[in-house]
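*Asks:* Here is what each chain is made of, one letter per residue.
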Amino acid sequence: MTDQDQTITEDELHAYVDDELPAERRAAVEAWLAAHLEDAAKVAAWRNHAELLRARYGGVAREIPPERLNVARLACRRRNGWIAVASAAALAAFVIGGFIGWTVRGVESSSPSDLTRFTADALEAYRLYVVEVRHPVEVPGDQRPHLVEWLSKRLGSPLRAPQLERLGLKLVGGRLLPGPTGATAFFMYEAPSGERFTLYCGHTSAHETALRYTAGAQNAAYYWVDQNLAYVLSGPAERDTLLKIAQAAYDQIDLRSPRQGG
Amino acid sequence: MNEFRQRIEAAIPALRRYARALTRDTEIADDIVQDTVVRALRSEHLFHGGDVRAWLYTILTNLNRNRLRTLSRRPALTSIKDSDVITNGPESGNRDIGRALDDLAEDQRATLLLVVLEGLTYREVAEVQGVPIGTVMSRLARARMQIKAYLDGERPSLRRVK
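So the sequences go chain by chain: A and B.
Each residue of the first sequence is one higher than the one before, starting from 11 at the first, in the numbering used here.
Each residue of the second sequence is one higher than the one before, starting from 847 at the first, in the numbering used here.
Because the hints were derived from the structure by calculation, they are not lab data.
Hints should not be assumed to be uniformly reliable.
[Unchecked claim] List of simulated lysine to aspartate or glutamate pairs, DMTMM-like, C-alpha gap at most 25 Å:
no.: 1; chain 1: B; residue 1: LYS994; chain 2: A; residue 2: GLU218
no.: 2; chain 1: A; residue 1: LYS52; chain 2: B; residue 2: ASP877
no.: 3; chain 1: A; residue 1: LYS180; chain 2: B; residue 2: ASP942
no.: 4; chain 1: B; residue 1: LYS994; chain 2: A; residue 2: GLU20
no.: 5; chain 1: A; residue 1: LYS52; chain 2: B; residue 2: ASP998
no.: 6; chain 1: A; residue 1: LYS52; chain 2: B; residue 2: ASP897
no.: 7; chain 1: A; residue 1: LYS254; chain 2: B; residue 2: ASP942
no.: 8; chain 1: A; residue 1: LYS180; chain 2: B; residue 2: ASP949
no.: 9; chain 1: A; residue 1: LYS180; chain 2: A; residue 2: ASP152
no.: 10; chain 1: B; residue 1: LYS994; chain 2: B; residue 2: ASP942
no.: 11; chain 1: B; residue 1: LYS994; chain 2: A; residue 2: ASP152
no.: 12; chain 1: A; residue 1: LYS163; chain 2: A; residue 2: GLU218
no.: 13; chain 1: A; residue 1: LYS52; chain 2: B; residue 2: ASP881
no.: 14; chain 1: A; residue 1: LYS52; chain 2: B; residue 2: GLU849
no.: 15; chain 1: B; residue 1: LYS994; chain 2: A; residue 2: GLU134
no.: 16; chain 1: A; residue 1: LYS52; chain 2: B; residue 2: GLU890
no.: 17; chain 1: B; residue 1: LYS994; chain 2: A; residue 2: GLU61
no.: 18; chain 1: A; residue 1: LYS180; chain 2: B; residue 2: ASP998
no.: 19; chain 1: B; residue 1: LYS994; chain 2: A; residue 2: GLU40
no.: 20; chain 1: A; residue 1: LYS254; chain 2: B; residue 2: ASP998
no.: 21; chain 1: B; residue 1: LYS994; chain 2: A; residue 2: ASP131
no.: 22; chain 1: A; residue 1: LYS52; chain 2: A; residue 2: GLU73
no.: 23; chain 1: B; residue 1: LYS994; chain 2: A; residue 2: GLU34
no.: 24; chain 1: A; residue 1: LYS254; chain 2: A; residue 2: GLU61
no.: 25; chain 1: A; residue 1: LYS180; chain 2: B; residue 2: ASP948
no.: 26; chain 1: A; residue 1: LYS180; chain 2: A; residue 2: GLU218
no.: 27; chain 1: A; residue 1: LYS254; chain 2: B; residue 2: GLU849
no.: 28; chain 1: A; residue 1: LYS254; chain 2: B; residue 2: ASP877
no.: 29; chain 1: A; residue 1: LYS52; chain 2: A; residue 2: GLU20
no.: 30; chain 1: A; residue 1: LYS52; chain 2: B; residue 2: ASP942
no.: 31; chain 1: B; residue 1: LYS994; chain 2: A; residue 2: GLU48
no.: 32; chain 1: A; residue 1: LYS180; chain 2: B; residue 2: GLU964
no.: 33; chain 1: B; residue 1: LYS994; chain 2: A; residue 2: ASP21
no.: 34; chain 1: A; residue 1: LYS52; chain 2: A; residue 2: ASP29
no.: 35; chain 1: A; residue 1: LYS52; chain 2: A; residue 2: GLU218
no.: 36; chain 1: A; residue 1: LYS254; chain 2: B; residue 2: ASP953
no.: 37; chain 1: A; residue 1: LYS254; chain 2: A; residue 2: ASP152
[What the hints assert, rightly or not] Cβ-Cβ distance ranges computed for the label pairs, FRET-style:
no.: 38; chain 1: A; residue 1: THR19; chain 2: B; residue 2: GLN852; range: 30 to 36 Å
no.: 39; chain 1: A; residue 1: ALA51; chain 2: B; residue 2: GLY896; range: 36 to 42 Å
no.: 40; chain 1: B; residue 1: GLU849; chain 2: A; residue 2: GLU218; range: 47 to 53 Å
The structure presented is a predicted model; accordingly, all values stated were derived computationally and were not measured.
Beta carbons are placed, not taken as given, at the ideal position from N, Cα and C, and that holds for glycine.
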């Protein structure tokens, strides 16, 4: 037994198997394994799993990828496809937007408790649209001025799609939705990693609030009320990231509309 | 073809391997790889150096998580495992490891595959999954414990298969 024969943690055993262990700890782990057969059996089993996995799936990486994964071709197709999708989406925006706007006319009453329902609806909209690959929005983000003008007109209040590029988020676009208090604006943002965040905004009679947090199992939201408009920023459940984004959106919206008479 | 695209192209075989093990379905796996590449190309201007490969793993892992969320809301479509032909047939000697993967929670499966199959470091996996290293370690530990339990428990059934 040497001085190094101290307790070896399970984390170190994993690190040993995965070649993540600092070189100076290897001897200690090996000595431990020689004396602790149960741990040695565990390590052997984990190595066996790795071998089984490599035997089973290693061959996939040696296959020739199918033609549809040709990068040059995908890069080409993307450029042409985008224009078609964009113009189709713009047309759909006018048709669908007009229809939804008409069907929700006159639904204008609201009470403070509506905020809960409003947030629930916002999360529902997030879950519904965030998984859409081809039609996540009605108006694409490269038509930002048109999108904002259109949604502002529909809601009857000047809106703004926050600029979140600083946080690596691109505006995918937006759409008009029916909400519990009438027409609701919906903006979608996307991170380079594919994660999406949405801002849902509509009228409310609830009092102004600071940022508040609500979470479901897979996603979460920050919401606030500013000058008769309620905002809900929804995204995956990682709270810190979400807060950073919500804070940026909150600040921009707050700056835009300085309190009147105060 | 620029360097960025060349690096994407070089990563495709490994992405296909990861996606195949992650989804356990050839077609779905290549769909996700294709979607990953399209997204990477779309965000080319947002990429400021760094490891393209790790970034691609991040996109792919998120896309698969999104896909499973959609499926979970449509119960009629959740039975991917049953239609997974690779798990049956002549390969049955190895089938246990695939079945064992099916039983893991999605995040644990991704962690295990990124470490063991793709050879990412713990730190890289933490970045791909957007979690602290401690979480990577606990996911890895749980995945390995569960696979061991599954393989130990299932071993007798191999005799029936032959």
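*Asks:* For every hint, state whether the structure bears it out.
*Replies:* Hint-by-hint comparison with the structure:
1. LYS994/B x GLU218/A: Between LYS994/B and GLU218/A the Cα gap is close to 54 Å, so the pair fails against 25 Å, i.e. violated.
2. LYS52/A x ASP877/B: This hinted pair is violated, its Cα atoms lying about 36 Å apart.
3. LYS180/A x ASP942/B: violated (43 Å)
4. LYS994/B x GLU20/A: Satisfied, since the Cα-Cα distance of roughly 15 Å is no more than 25 Å.
5. LYS52/A x ASP998/B: Cα-Cα ~12 Å, so holds.
6. LYS52/A x ASP897/B: violated (33 Å)
7. LYS254/A x ASP942/B: The given pair, whose Cα atoms are some 43 Å apart, is violated under the 25 Å limit.
8. LYS180/A x ASP949/B: violated (36 Å)
9. LYS180/A x ASP152/A: holds (10 Å)
10. LYS994/B x ASP942/B: Between LYS994/B and ASP942/B the Cα gap is close to 11 Å, so the pair holds against 25 Å.
11. LYS994/B x ASP152/A: violated (51 Å)
12. LYS163/A x GLU218/A: holds (23 Å)
13. LYS52/A x ASP881/B: violated (38 Å)
14. LYS52/A x GLU849/B: violated (43 Å)
15. LYS994/B x GLU134/A: This hinted pair is violated, its Cα atoms lying about 39 Å apart.
16. LYS52/A x GLU890/B: It is violated: about 43 Å lies between the C-alpha atoms, which goes past 25 Å.
17. LYS994/B x GLU61/A: holds (13 Å)
18. LYS180/A x ASP998/B: Status violated; Cα separation ~48 Å.
19. LYS994/B x GLU40/A: Between LYS994/B and GLU40/A the Cα gap is close to 21 Å, so the pair holds against 25 Å.
20. LYS254/A x ASP998/B: violated (46 Å)
21. LYS994/B x ASP131/A: With Cα atoms ~43 Å apart, LYS994/B and ASP131/A exceed 25 Å; violated.
22. LYS52/A x GLU73/A: Distance of about 33 Å is beyond 25 Å: violated.
23. LYS994/B x GLU34/A: Measuring from Cα to Cα gives roughly 29 Å; hence the hint is violated.
24. LYS254/A x GLU61/A: violated (42 Å)
25. LYS180/A x ASP948/B: Distance ~34 Å between LYS180/A and ASP948/B Cα, so the pair is violated.
26. LYS180/A x GLU218/A: Not satisfied, since the Cα-Cα distance of roughly 28 Å exceeds 25 Å.
27. LYS254/A x GLU849/B: violated (33 Å)
28. LYS254/A x ASP877/B: Status violated; Cα separation ~32 Å.
29. LYS52/A x GLU20/A: It holds: about 10 Å lies between the C-alpha atoms, which stays within 25 Å.
30. LYS52/A x ASP942/B: Holds - the C-alpha atoms of ASP942/B and LYS52/A are around 18 Å apart, at most 25 Å.
31. LYS994/B x GLU48/A: holds (13 Å)
32. LYS180/A x GLU964/B: violated (29 Å)
33. LYS994/B x ASP21/A: Roughly 17 Å separates the two Cα atoms, so the pair holds.
34. LYS52/A x ASP29/A: holds (16 Å)
35. LYS52/A x GLU218/A: violated (57 Å)
36. LYS254/A x ASP953/B: Satisfied, since the Cα-Cα distance of roughly 24 Å is no more than 25 Å.
37. LYS254/A x ASP152/A: holds (24 Å)
38. THR19/A x GLN852/B: 30 to 36 Å: violated (42 Å)
39. ALA51/A x GLY896/B: 36 to 42 Å: Because 40 Å falls inside the window, the suggested range holds.
40. GLU849/B x GLU218/A: 47 to 53 Å: holds (51 Å)
Against the hints set out earlier in the document, violations occur for numbers 1, 2, 3, 6, 7, 8, 11, 13, 14, 15, 16, 18, 20, 21, 22, 23, 24, 25, 26, 27, 28, 32, 35, 38.
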